[in-house]
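Spelled out from the first residue to the last, the chains are:
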Amino acid sequence: MLQTIADTMVYSLLKLSSNSMLGTALNFFVYESIKIFLMLIIIIFFVSILRSYFPAEKTKKILNSKHHFWGNIIAALLGIVTPFCSCSAVPVFIGFIESGVPLGITFSFLIASPMVNEVAVIMLWGLLGWKIMLIYIISGLTIAIIAGIIMGKLKLERFVQDYVYEMKLGENKIPDQSIKDRINYALNYTKQIMKKISIYIIIAIALGGFIHGYAPADLLVKYAGKDSIIAVPLAVLIGVPLYSNAAGIIPIITVLIQKGLSLGTALAFMMAVTALSFPEMIILKNVLKTPLLIIFVAILFVSILFTGYLFNILI
Amino acid sequence: MNIEILGMGCEKCKKLYTATEQAVNEKSINAHIKEVKDIKQIMQYGIMSTPALVIDGKVKISGKVLSKDEIKQLL
Chain A
70 MLQTIADTMV
80 YSLLKLSSNS
90 MLGTALNFFV
100 YESIKIFLML
110 IIIIFFVSIL
120 RSYFPAEKTK
130 KILNSKHHFW
140 GNIIAALLGI
150 VTPFCSCSAV
160 PVFIGFIESG
170 VPLGITFSFL
180 IASPMVNEVA
190 VIMLWGLLGW
200 KIMLIYIISG
210 LTIAIIAGII
220 MGKLKLERFV
230 QDYVYEMKLG
240 ENKIPDQSIK
250 DRINYALNYT
260 KQIMKKISIY
270 IIIAIALGGF
280 IHGYAPADLL
290 VKYAGKDSII
300 AVPLAVLIGV
310 PLYSNAAGII
320 PIITVLIQKG
330 LSLGTALAFM
340 MAVTALSFPE
350 MIILKNVLKT
360 PLLIIFVAIL
370 FVSILFTGYL
380 FNILI
Chain B
5 MNIEILGMGC
15 EKCKKLYTAT
25 EQAVNEKSIN
35 AHIKEVKDIK
45 QIMQYGIMST
55 PALVIDGKVK
65 ISGKVLSKDE
75 IKQLL
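Residue numbers (the numbering used here), protein chains in the order written: chain A, 70 to 384; chain B, 5 to 79.
Just to be clear, a hint being listed does not mean it is correct.
To be verified - DSSO-like, lysine-lysine: derived pairs with alpha carbons at most 30 Å apart:
| id | chain 1 | residue 1 | chain 2 | residue 2 |
| --- | --- | --- | --- | --- |
| 1 | B | 68 | A | 130 |
| 2 | B | 68 | A | 354 |
| 3 | B | 16 | B | 44 |
| 4 | B | 44 | B | 72 |
| 5 | A | 127 | A | 265 |
| 6 | B | 44 | B | 68 |
| 7 | A | 130 | B | 44 |
| 8 | A | 237 | B | 41 |
| 9 | B | 68 | B | 41 |
| 10 | A | 127 | A | 328 |
| 11 | B | 31 | B | 68 |
| 12 | A | 130 | B | 31 |
| 13 | A | 104 | B | 62 |
| 14 | B | 44 | A | 237 |
| 15 | B | 19 | B | 68 |
| 16 | A | 237 | B | 18 |
| 17 | A | 354 | B | 19 |
| 18 | B | 62 | A | 237 |
| 19 | A | 249 | B | 62 |
| 20 | A | 249 | B | 68 |
| 21 | A | 224 | B | 44 |
| 22 | B | 72 | B | 19 |
| 23 | A | 127 | B | 38 |
| 24 | A | 127 | B | 62 |
| 25 | B | 64 | B | 44 |
| 26 | A | 260 | B | 68 |
| 27 | A | 265 | A | 354 |
| 28 | B | 16 | B | 68 |
| 29 | B | 62 | B | 16 |
| 30 | B | 76 | B | 41 |
| 31 | B | 38 | A | 354 |
| 32 | A | 328 | A | 224 |
| 33 | A | 260 | B | 64 |
| 34 | B | 31 | A | 127 |
| 35 | A | 130 | A | 328 |
| 36 | B | 41 | B | 31 |
Unchecked claim - Here are the in silico distance ranges between beta carbons for each label pair:
| id | chain 1 | residue 1 | chain 2 | residue 2 | range |
| --- | --- | --- | --- | --- | --- |
| 37 | B | 60 | A | 219 | 41 to 49 Å |
| 38 | B | 44 | A | 73 | 53 to 61 Å |
| 39 | A | 207 | B | 61 | 41 to 49 Å |
| 40 | A | 363 | B | 48 | 25 to 33 Å |
Derived by calculation from the structure, the hints in this document are not laboratory data. All C-beta atoms, glycine included, are put in the ideal place defined by N, C-alpha and C.
With the rest of the complex left out, here is chain A (with noise of 0.2 Å):
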């Protein structure tokens, strides 16, 4: 139906030939942008509703019951579920520690929720297919329950910054929501996000379309096929800066891998991009000494390069 719809505007209303490369790039644009927004609105709009349920206070309760390894992998799945933005990464971090969520497991959730979020996987559904949409899940859930464990059994509780152990939360309920409540947060929530990201998509879609309709098709095989080493890494140190355009990034890795890129590069590009950024580190800096930081970064910086490699290696 999204196709006759693409159609009918640019080959009928707009009269261009489907044989033009102007006509067949428009439509591509036309098309993918639809589909790609009808996706966010609709999802974005369920996982909020499902999310009013899982506020960080709860999560919270869950995980101070629980202990190393169930924990880690508990913790990586409620990082999906729970909402989280980077300015809440200060008092959830603080919330978990105070009630005694172990170090390891507090980091397992840090790295999952940045990572797995609705709007790269909802992309990469859209415009990858759900099989890539389900290896990016299924590795960043993999890399937060391990880096966590790993984390976890280092012992680094003292480079925590002092202050934090010396926090006492209050008690405050959080008054209960009702069903109206949670439709009108989901909508709003919905709205804020579409604001946002729409016009990254937009340019994301249409430079795609471009690259589609005239960049040669084996342009990156040579420098950034899967033979090629030092691609991961170098998709790893651009991702780092790239914070929060995932959604913006997504459409040009799409076209790139129809021209080459290899699939395992440009997963960790991704990861870096969601899960590596300089404002988030500047962030935990709040609570983490220096070295406690170092040893963060360095752990997911390899982790995110072991799966990069690993899948060039895989597919």
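Dock chain B against chain A, hints included.
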């Protein structure tokens, strides 16, 4: 009335502050609005998601930005 906006200064906290200011002005309530940016003070309210809106010492909302009209109903 004492209103506090809890948050370490992110974009959402500023939005909530502006919306609260507008709501207070439109209802012409005599209220004092204060931003609380210090993490230790924020945590004393027992919340884990910012921004949060506190009216007379009670947490009304945490982890989301309310519209001006929603805030009016809370005042």
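Evaluated hints:
As the CA atoms of residue 68/B and residue 130/A are separated by approximately 21 Å, the hinted pair is consistent with the 30 Å bound. Of the supplied pair hints, the one linking residue 68/B and residue 354/A holds, its CA atoms being roughly 24 Å apart against a limit of 30 Å. Restraint check: the Cα-Cα separation between residue 16/B and residue 44/B comes to about 19 Å, which is no more than 30 Å; the hinted pair holds. At roughly 28 Å between alpha-carbon atoms, residue 44/B and residue 72/B fall within 30 Å of each other, so this suggested pair holds.
For the suggested pair residue 127/A and residue 265/A, the alpha carbons sit about 28 Å apart, so the restraint of at most 30 Å is met. With a C-alpha separation of about 20 Å, the suggested pairing of residue 44/B with residue 68/B holds against the 30 Å cut-off. Pair hint residue 130/A plus residue 44/B holds up; C-alpha atoms about 21 Å apart against a cutoff of 30 Å. For the suggested pair residue 237/A and residue 41/B, the alpha carbons sit about 17 Å apart, so the restraint of at most 30 Å is met.
Straight-line distance between C-alpha atoms of residue 68/B and residue 41/B comes to about 16 Å, which keeps the hinted pair within the 30 Å bound. A threshold of 30 Å between alpha carbons decides the hint, and for residue 127/A with residue 328/A the separation of about 45 Å lies outside it, so the pair is violated. The suggested pairing of residue 31/B with residue 68/B holds, with an alpha-carbon distance near 22 Å, which does not exceed 30 Å. The suggested pairing of residue 130/A with residue 31/B is violated, with an alpha-carbon distance near 39 Å, which exceeds 30 Å.
For the proposed pair residue 104/A and residue 62/B, the alpha carbon gap of about 43 Å is over 30 Å, so the pair is violated. Of the pairs offered as hints, the one joining residue 44/B and residue 237/A holds, with about 9 Å between alpha carbons and a cut-off of 30 Å not exceeded. Restraint check for residue 19/B and residue 68/B: satisfied, since their Cα atoms lie roughly 10 Å apart, inside the 30 Å limit. A threshold of 30 Å between alpha carbons decides the hint, and for residue 237/A with residue 18/B the separation of about 26 Å falls inside it, so the pair holds.
Taking the CA atoms of residue 354/A and residue 19/B, the gap is about 24 Å. The hint holds against a cut of 30 Å. The suggested pairing of residue 62/B with residue 237/A holds, with an alpha-carbon distance near 17 Å, which does not exceed 30 Å. Pair hint residue 249/A plus residue 62/B holds up; C-alpha atoms about 22 Å apart against a cutoff of 30 Å. Only pairs whose Cα atoms come within 30 Å are accepted, and residue 249/A paired with residue 68/B is accepted, the gap being roughly 15 Å.
Among the hinted pairs, residue 224/A with residue 44/B is consistent with the structure: their alpha-carbon atoms are about 25 Å apart, no more than 30 Å. The straight-line distance between the Cα atoms of residue 72/B and residue 19/B is roughly 10 Å, inside the 30 Å bound, and the hint therefore holds. A hinted pair counts as satisfied when its Cα atoms are at most 30 Å apart, and residue 127/A with residue 38/B qualifies at roughly 28 Å. A threshold of 30 Å between alpha carbons decides the hint, and for residue 127/A with residue 62/B the separation of about 19 Å falls inside it, so the pair holds.
A threshold of 30 Å between alpha carbons decides the hint, and for residue 64/B with residue 44/B the separation of about 19 Å falls inside it, so the pair holds. A distance of roughly 13 Å separates the Cα atoms of residue 260/A and residue 68/B; the hinted pair therefore holds under the 30 Å criterion. For the given pair, residue 265/A sits about 26 Å from residue 354/A by alpha-carbon distance, which is consistent with the 30 Å threshold. A C-alpha spacing of about 8 Å is found between residue 16/B and residue 68/B, which places the hinted pair at or below 30 Å, so the restraint holds.
Between residue 62/B and residue 16/B the CA atoms are separated by roughly 20 Å; this keeps the pair inside 30 Å, and the hint holds. For a cut-off of 30 Å, the pair hint linking residue 76/B to residue 41/B stands: about 23 Å separates their Cα positions. With a CA separation close to 25 Å, the supplied pair residue 38/B and residue 354/A stays within the 30 Å bound. A C-alpha spacing of about 45 Å is found between residue 328/A and residue 224/A, which places the hinted pair above 30 Å, so the restraint is violated.
The hinted pair formed by residue 260/A and residue 64/B meets the criterion: a straight-line CA distance of about 22 Å does not exceed 30 Å. The hinted pair formed by residue 31/B and residue 127/A fails the criterion: a straight-line CA distance of about 35 Å is larger than 30 Å. Between residue 130/A and residue 328/A, the direct Cα distance comes to roughly 47 Å. Violation of the 30 Å bound is thereby established for this hinted pair. Between residue 41/B and residue 31/B the CA atoms are separated by roughly 26 Å; this keeps the pair inside 30 Å, and the hint holds.
In this structure the hint that residue 60/B and residue 219/A lie 41 to 49 Å apart at CB holds, the actual value being about 46 Å. Against the hinted window of 53 to 61 Å, the Cβ-Cβ separation of residue 44/B and residue 73/A comes to about 59 Å, which satisfies the hint. A hinted range of 41 to 49 Å for the beta carbons of residue 207/A and residue 61/B is consistent with their spacing of about 45 Å. Judged by the Cβ atoms, the range 25 to 33 Å given for residue 363/A and residue 48/B holds: they are separated by roughly 30 Å.
When the structure is compared with the earlier hints, violations turn up for hints 10, 12, 13, 32, 34 and 35 and for no others.
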